[in-house]
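Quick mapping for you: the protein sequence lines, in order, are chains A and B.
The numbering of the first sequence is this note's numbering, which starts it at 1 and goes up by one.
The numbering of the second sequence is this note's numbering, which starts it at 1 and goes up by one.
Quick caveat, the hints were computed from the structure, so don't treat them as lab data.
Cβ coordinates follow ideal geometry from the N, Cα and C atoms, glycine included.
One thing to keep in mind: the hints can contain errors.
To be verified - Keeping only pairs whose Cα atoms sit at most 30 Å apart, straight-line, the calculated BS3-like set for lysine-lysine is:
hint	chain 1	residue 1	chain 2	residue 2
1	B	K29	B	K68
2	B	K199	A	K36
3	B	K282	A	K45
4	B	K306	A	K23
5	A	K45	B	K272
6	B	K194	A	K46
Unchecked claim - Covered, in the sense of this in silico footprint (three residues per stretch, anywhere, with C-beta under 8 Å from a C-beta of chain A), are these stretches of chain B:
hint	segment
7	156-168
8	229-243
What the hints assert, rightly or not - Here are a few chain B residues that sit away from chain A, every Cβ distance over 12 Å (derived from the structure):
hint	residue
9	A250
10	D283
11	P296
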Amino acid sequence: MEHMGVEPGRLSFSWISSAESTKFVDVVKEVTATVKALGPNINFKKTAKVA
Amino acid sequence: MLGYIDNIREISKRLLDEGRVDMIIGFRKGTIPLMNEPCFVKNSGELSTLVWDSNCGINLANYLTDRKEKIGIVAKGCDSRNIVTHIIENKIKREKLVIIGIPCKGMVDKRKIAGMFENGIEDITEEDNIIRVKSRGVETSLNKSDLLQENCALCVHRNPVIYDELAAPLIEEQKSVDRYADVLRIEAMTAQEKWEYFKDLISPCIRCYACRNACPLCYCPTCFVDESRPQWCGKSQDEIDTRTFHFLRAYHCAGRCTDCGACERACPVGIKVRQFTSKLNKDCLDMFGWEAGLSPDQRPPLDTYKPADPGDFIK
Ligand code: SF4
Ligand code: SF4
Ligand code: SF4
């Protein structure tokens, strides 16, 4: 996706087991922080009103 | 490559006469120059319609999907790799096929040639490496190596990877081709430049889906773009809808694309849709040492796990 112009950090992948609650919280925090730092996604925004 | 046709006809005749196949899938002359079309020959009397030259760029594996007959199929290097992919994905049974392998010397870029003759092309003939184009009664000789489709110029699997018959002796593969120069050029851009690059690339797209239809990998009964409940992807020509289509089409081909160029060839507005798949092909090669369709005994990287698989992108 980055190759096609989506900014690094906009998209994240993680593998978290249902038992790894602390990891889940850490990842969510980290992802939210990175995305906030990137700001609103102005690229992937549709201008047409109907599908 | 012209000499191939006698052998193709001879092999096909034998296969049909001996009842080893119900039909032969090959090429016949198209209604306009540069556009040979697929044809299905069911009795040996019709074999004279079969042709072979440098205008057979369509991928014939596309016509095998879910067929039940016994089929003889003419296969270039790339077609044979898509046949392998079809076998791996259970879209056709190996036993149903007699593969007539074509050591391929590349297909010519119809857009490039058509663009050189603004008065139109009446006829095109070829001899070894010379292409003769007739336009308004004037004949021009061109060098075939200057006119190859981009993917053919970069092809390193011209010989068929599986075959039962061969239309000609195997040829030497191209070495030292820089297959991913385009990918590297894009990789060097910033995120915004990449975004703009692909925006410009797909701006003429009319969402006709010819690229999808020409690709042997795209055999889903209902493609995600046609589905309306749920509607995965908007149907408008809004840039984002179009981009979503291209993203997903490329991803659905990840680890499966053979770079046969059929998609690019089919596009009526000349979009270089391989720019999307090439990156995935390069990544597959770099990360998993994988090139699609080389052997029916190897499982593709996306359905196997190896401890050494790269996983750094996963937190
Ligand atoms: S991609 Fe390779 S095998 Fe396929 S038509 Fe081009 S040169 Fe031939
Ligand atoms: S995506 Fe294009 S190049 Fe790749 S297999 Fe499909 S038609 Fe061929
Ligand atoms: S063939 Fe060309 S115009 Fe048609 S959907 Fe594909 S990229 Fe768009």
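Cross-check of the supplied hints:
Restraint check for K29/B and K68/B: the C-alpha separation of about 26 Å stays at or below 30 Å, so the hint holds. Taking the CA atoms of K199/B and K36/A, the gap is near 25 Å; set against the 30 Å cutoff, the hint holds. Annotation: proposed proximity of K282/B to K45/A holds, straight-line Cα distance about 29 Å (limit 30 Å). A hinted pair counts as satisfied when its Cα atoms are at most 30 Å apart, and K306/B with K23/A qualifies at roughly 24 Å.
Straight-line distance between C-alpha atoms of K45/A and K272/B comes to about 24 Å, which keeps the hinted pair within the 30 Å bound. A distance of roughly 18 Å separates the Cα atoms of K194/B and K46/A; the hinted pair therefore holds under the 30 Å criterion. For the segment 156-168 of chain B, the proposed coverage by chain A is not satisfied: 0 residues have a C-beta within less than 8 Å of a C-beta in that chain, short of the threshold of three. Only when three residues or more bring their CB closer than 8 Å to a CB of chain A does the claim for the segment 229-243 of chain B stand; here the count is 9, and the claim holds.
With a closest Cβ-Cβ approach of about 8 Å to chain A, A250/B is found to fall inside the 12 Å limit, against its non-interface label. Separation of D283/B from chain A is inadequate, the least Cβ-Cβ distance of about 8 Å not exceeding the 12 Å criterion. Annotated as non-interface, P296/B keeps its C-beta farther than 12 Å from every C-beta of chain A; the closest such distance is 30 Å.
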